[in-house]
Amino acid sequence: MTTHYLVLSALLFVIGGVGVLVRRNAIVVFMCVELMLNACNLAFVTFARQNGNLDGQIIAFFVMIVAAAEVVIGLAIIVTIFRTRRSASVDDVNLLKY
Amino acid sequence: MNPNTGPTLQDFGHDPLWLSIIKAVFIFVLLMLGVLFGVWTERKLISRMQHRYGPNRAGKFGLLQSVADGLKMGLKEDITPRTVDKIVYLLAPVIIAVPAFLSFSVMPFGPMVSIFGVKTPLQLTDLPVAVLLVLAMASIGVYGIVLAGWGSRSPYAILGGLRSSAQVVSYEIAMGLSFVAVFLAAGTLSTSEIVAKQAGGGTWDVFGLSIPQPSWYAISLLPSFLIYAITMLGETNRVPFDLPEGEGELVGGFHTEYSSSLKFAMFMLGEYINVFTVSGIAITLFLGGWRAPWPISIWEGANTGWWPMLWFLIKLVVVFGFFVWVRASLPRVRYDQLMAFGWKVLIPLNLAWILLYATLKALRMPEANRAFILTLGAIIVVGGLAIWLRFDTLLQRRREAKAAQIEEEFEQLREEPEAGGFPVPPLDLPHYHGVVPARQASTAVKEVTSGSN
Amino acid sequence: MHYWLSTLIGVPVLGALGVAAVKNELRAKQATLAVSLLVLVLTVVMAVQFSPNGDKFQFTEKYSWVPSFGIHFGLGVDGIALVLILLSAVLVPIVVLASWHEAEAGKRSVRMYFALLLVLEAMMIGVFAATDVFLFYVFFEAMLIPMYFMIGSYGGAQRSYAAVKFLLYSLFGGLLMLVAVIALYSIADKGSFMFTDLVGSVQDVGTQKWLFLGFFIAFAIKAPLWPFHTWLPDAAAQAPAGAAVLLVGVLDKVGTYGMLRFCLELFPDAAHYFTPLVLVLSVVGIVYGAIVAIGQTDMKRLIAYTSISHFGFITMGVFAISVNAGSGATLYMVNHGFSTGALFLIAGFLIHRRGSQYISDYGGVQKVAPILAGTFLVAGLSGLALPGLSSFVSEFMVLIGSYETHAVYAIIATSGVVLAAIYILWMYQRTMNGPTAESVRDIKDLNGREKWVVAPLIAVIIALGFFPKPLLDVINPAVTDSISQVQHVKQESVAQEGQ
Amino acid sequence: MNGTIQAPTIEYGLLAPMLVVFGAAIIGVLVEAFAPRYLRSSIHKPLTLLSLAGAFVLTIWQARSGIPTKPAAMGAVAVDGPALFIWGTILVLAFVSVLLINDEGHFVASASAVPGSAEEERALSEGATHTEVYPLALFAVGGMLLFPAANDLLAMFVALEVMSLPLYLLCGLARRRRLLSQEAAVKYFLLGAFSSAFFLYGTALLYGYAGSVDLAKIGASLGAVGGQDTLLYIGAAMLGVGLLFKIGAAPFQAWKPDVYQGSPTPITALMASGTLVAAFGALLRVFWVALGGLEWSWTPIMWGVAILTMVTGAILAITQTDIKRMLAYSSIAHGGFLLIGVVAIGNQQQNASALSALLFYLVAYGFTTVGAFAIVTTVRDAGGEAWHLSRWAGLGKRRPLVATVFAFFLLAFAGIPLTSGFFGKYAVFQAAVDAGATPLVVVGVVSSAVAAFFYVRVIVLMFFSDPAADGPSVVIPGGTWAVGALATLATVVLGVFPQPVLDLAHTAAQSLFVR
Amino acid sequence: MELYVPILVLAVLAAGFAVFSVSIAPFTGPKRWNRAKLDAYECGIEPTPQPVGGGRFPLKYMITAMLFIVFDIEIIFLYPWAVAFDNLGLFGLVEMVLFIVTVLVAYAYVWRRRGLDWD
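Residue numbers (our numbering), protein chains in the order written: chain A, 1 to 98; chain B, 99 to 551; chain C, 552 to 1050; chain D, 1051 to 1565; chain E, 1566 to 1684.
To be clear, the hints were calculated from the coordinates, so they are not data collected in a lab. Some hints here could point you the wrong way.
[What the hints assert, rightly or not] Dumping the calculated DSS-like pairs for lysine-lysine here, alpha-carbon to alpha-carbon at most 27 Å:
# : chain 1 : residue 1 : chain 2 : residue 2
1 : B       : 174       : E       : 1625
2 : E       : 1625      : B       : 170
3 : B       : 174       : E       : 1596
4 : E       : 1602      : B       : 184
Required output: the full structure, derived from the provided sequences and hints.
Written out as structure tokens, the structure is:
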């Protein structure tokens, strides 16, 4: 029963990860990261049901907060650089070479 | 607690499917009728308040007015502007309407009754997190608003959508906070149990005669109730907070492009049902739910059988009346005032009140270490006051500075009107008496001007 | 409890601080000279108290330094260390005197140069006196830094390249040694790094081989053994003459000293196993160094290559595993220090006068600067081991000793002697004899200071040439002791083959 | 069902250091809100320094008054020997970094202003500064304190974010080279969030495996639970990815040079010292306490990572021309050396020695690196710090003292004897050899030889090459001066008389991590 | 689970109704083509072309959204606390006081930085 949810969360996570790697727009990349976090939440809740203890659900709360904080800070940073560059594409973020 | 406190969580989830369907259909019908009746009531009431007759043609007292309106909407041309984002545009009304209905599923109408021999509570269902469901539905409604504005792809719509969503979320916070005190008092999120908790307030025994203690949270948690009363206006975009359709500044707001037809009807529907929902919540959480108000409650049978549904509906009407009353009496606020009120007044007051109430509750605990709690409270109060004072002075300064600046600008303008590049017509300008320009007459486009049929 | 060695290390360090503090350059130089002479005196006084047939290590001191790693500040000298300390103590004042005007060349801080010199002396004495393997390693590495700065800051045109090359080579070797040291420690599991605790602690031959390599490569790089030698010519050629003397004269001896002290005593089996290899390398080094030296056009590089050839002799002596060869090698370390030192210094004077290192720029110096030429000749002859001059004794002993054990190598090595005659004499002929070149027509002969520099060197060379006994008396027991282990192993293996 | 909830207990005393730091941070925010602009920094500086110092004192006091043997706060936080040691280290390093932050001219006048725009000009002319830096730094430090002490993965995750989020912001606040700085912030943020997502998913899987996020419980369940090994392995791997990213181990090191280069140098110092220490504390806790039983599975991988990290750091550093990038790569390499210590796991006593070695290394490296970055801030061009290596040519002649100190730090990085770096390396290497990881040690030695090359190159540049005509000027504000002196002192003392600190680390490591 | 079944029923009902009426709309009404009708309504002026995927809108709304997130999360924590308050007792009070005070500090900061003002 719960395995379906696990598969779903894994899928979401992978989609997010791939998105981070292939998408160029900083905001989209960032949304993909959020997607990954939510995939984690799904996994937590599922496992909470599987293990029959509430920890997972509580953890999900905390993850939400962290995600919120990340959103706030991330958007702030991205907006700043966007105002500088008039573009949110990570390709334009190329002053730093390896 | 006295025996007839009504159902608790354990009583739910045992209904057979057919019963659930019956209940659902009942609620659905109730809401549809409620909307029709509500529109009429509102128009009638408000016109009375404004010394008008209001609808009085269709049917007795114009009772069929809203039916007629509904039919007309159905028969009007369905316009879909070509710039819109089709899917979102069509999705939005649905998203607004559906959750509005759903919030009502946890609304308790009454105690256990037997329907076709099945003992069941007069309530579609109840959850341990019932109130959260309501809030969740409200938030989903916001999606409808945003998508409607976004999908319309017209500046007015987008602005309206953003504005109203901003407003709704802002007031949602205050609303959510105003519930906290209730949960503190009730110790549960299940609506039916909250109602049960408001059953009997017990009595004060003063000089032998016993005065019934107010059992409604509206009284014992007055601040929360007041805040909620305000937020429910903001939450439903009603006057004085109906900025989204502020006809003055942005036409119809988020539903500018839903000019007619049933799609618009969906918005109307959603709006009214939301009003019912928030009223229902107000009744359930603060006004004793389906329980009969005091004088009636003296009669034993008042809170048994089907009667309570009556009390509930009466209360609903009264609260709705309050909505209309407010609409008739208050002007619309400015948007910045609206947001400032929501963020700078309601929220801090709310938090302060929650802390205060929690402290009192802790004080009433048997094993509470009063000295400690009091010192804690004192510290917080003092700190809060200090910050507030500092704050006040700062605000004062800022206000004065702004005033001074404006004054100084006016001075400058009085000096020479041209300042700031505003074109000021010379006083001796010959007045323009409307002479029609020559090339006005030739508009030879064979188009049916809209509305002429 | 006596503090001879710690004093010997401490005095130069304090002296260095003082010198660095002094503002006036002349004062600084004089102070440096004074300190180094003081050290020399102390060393001599200590040396005369050394009893050749006493304990293996004498004047021992031992303080706990980092208990949790079992590291001690352990000092002590046996014969080998003693003579090497003597060597450095003697060379330093001479170098100070020699490089009196060395540092003025570049607009760099003169005081810093002499301060570094003193620090270097302290490190050199420390590295020879350390009886704690870890302490030895610490000095071994720390020694690099002052030398690195001396080459890099005060050297010739290519100085920074040479300096870096020198540092990285030695550092790399040192790190390999560090691994071996750690491994040794954890295998021995005595909770102490004291040499005496570690001796004989590694039984397994396989392990011995690895650890041996760890140490040996470090030392081979240090004492430039072919093929690890390539840094030496650059470093020696670019370093200021004084630094070059200490580099070739003393620093490199640390390598050969290390082989004799650590490789042989700690890992006898491995040493026995690797002996042929090392001998081959040494012989190749001897011949290669000599031949390449012949081809050199740069005086200092030439001298550097001669040293490579000589180091071939020394390592051969060390690994020939016979008392004669061993003592010879040890003695050779000292002699080579003096003779090559003399060569470098005198060449340095010459170059300083003419301003060129290239042999082709010289000719007939003999006529204008007889003393210079004469002393140069003596030093050179000592370099090619002319009987009566110091190197002869040691080289002879090495050859004899190795002939006893490994005749073939000895015979091949003898060719080195012949080649040595060629490169020294040919260089001498090209520079000193023949018609006087225009460029050197008006150069001065050695002045007073320079005479004072050269005189003691020549004196020592001749003295040791005729009368090496006192040194040998000191050296012999120590060498006997340190090669005894390997001899033991050897006899065993011979016995096994015999069955 | 309400009746079942028991009110939890929290040992406020044990958590005091952390609470002090967080409290100071919150007060800092209040100051930001209500203090007039001209007063702010003069309130912040003492507040920040005092709180850090106070927290340090509290830590010492706790260590004196006996190390607790069971985790605090319902098993969420473990205030044990290593944690206390790491706390002390982080607090001192943070204190030093704050001294750097105090000096003027590191931070942007107005972060929101578009570089080169009129508003930025105005902000500059007004002399506006972002005093928010102090609360942010304090929050970051608080996170660093919680990170290595967290005893369950949730607390660890929260700590990770509390530590990282302020740093993301601080990265973007460099006064000079704004674009670079903003880029650094974006990169750090995106990659950091990415990695923390991995950490979180790993946590989720381990939770699914063990039914709890408590490290000890996970460790206990390793043998017990059967049939779900995939969860376990994938979860552990993802957790590892998250942590290794934070310490910048290859192949997750890509962010480090960029971020170190872009962010304001004091912040770089804070990250290079504090974050590294904290991250290693957490890494050790997770891999030794929770996954200790899995040793045979992760050790080989960790070997690979360590080797890769050392080699990458050492080799890529050679090609760098930006001083800060070079230091960043060197810090990557050092992360590799530290990983050697992580692998040196064995029996109780072996673990203790490895742990103490790591702790010592962390202290030594932390001080040296802060000092190095402090020096970097002092060498300035017209356009801020003279970041290009070529600008450092001949510094030895212009400012011998500064150059000497910097050279000394570099030698310490290279691990020359009589510097702290040497004993650090030695301790770790020895622990590794005892644990039979000799090949790893050999690789470490080789790569540190390679690393020595580029350190030496800088020294050559500073001392053996002639100064440029328009060379950079050296400005040494008071705070920076103090930092340099302190770091030098630490590097010397730890290099010559390491015993006291070694003893401290030893006693701290004796009890290992509480379970 | 079965607590949610009735909600599902109602949802089906409501959704059915909404979808029905939205989809029926085009067929019930008349069709009279008029270009002006199909333009986005902008009080008669030529409609401003809107970029695909929506244009840019004031940053203000983003800030509001973030504040909303922050406080909504706070509410998430307040509800369980409120429900369990009787069990938590003094501990609960203290912790929540700390929590709310912290949030209020941030709130004050935002206020002072004009995060709550609408020009």
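Hint-by-hint comparison with the structure:
no.: 1; hint: B:174 <-> E:1625; in the structure: violated (38 Å)
no.: 2; hint: E:1625 <-> B:170; in the structure: violated (40 Å)
no.: 3; hint: B:174 <-> E:1596; in the structure: holds (9 Å)
no.: 4; hint: E:1602 <-> B:184; in the structure: holds (16 Å)
The earlier numbered hints that this structure contradicts are 1 and 2.
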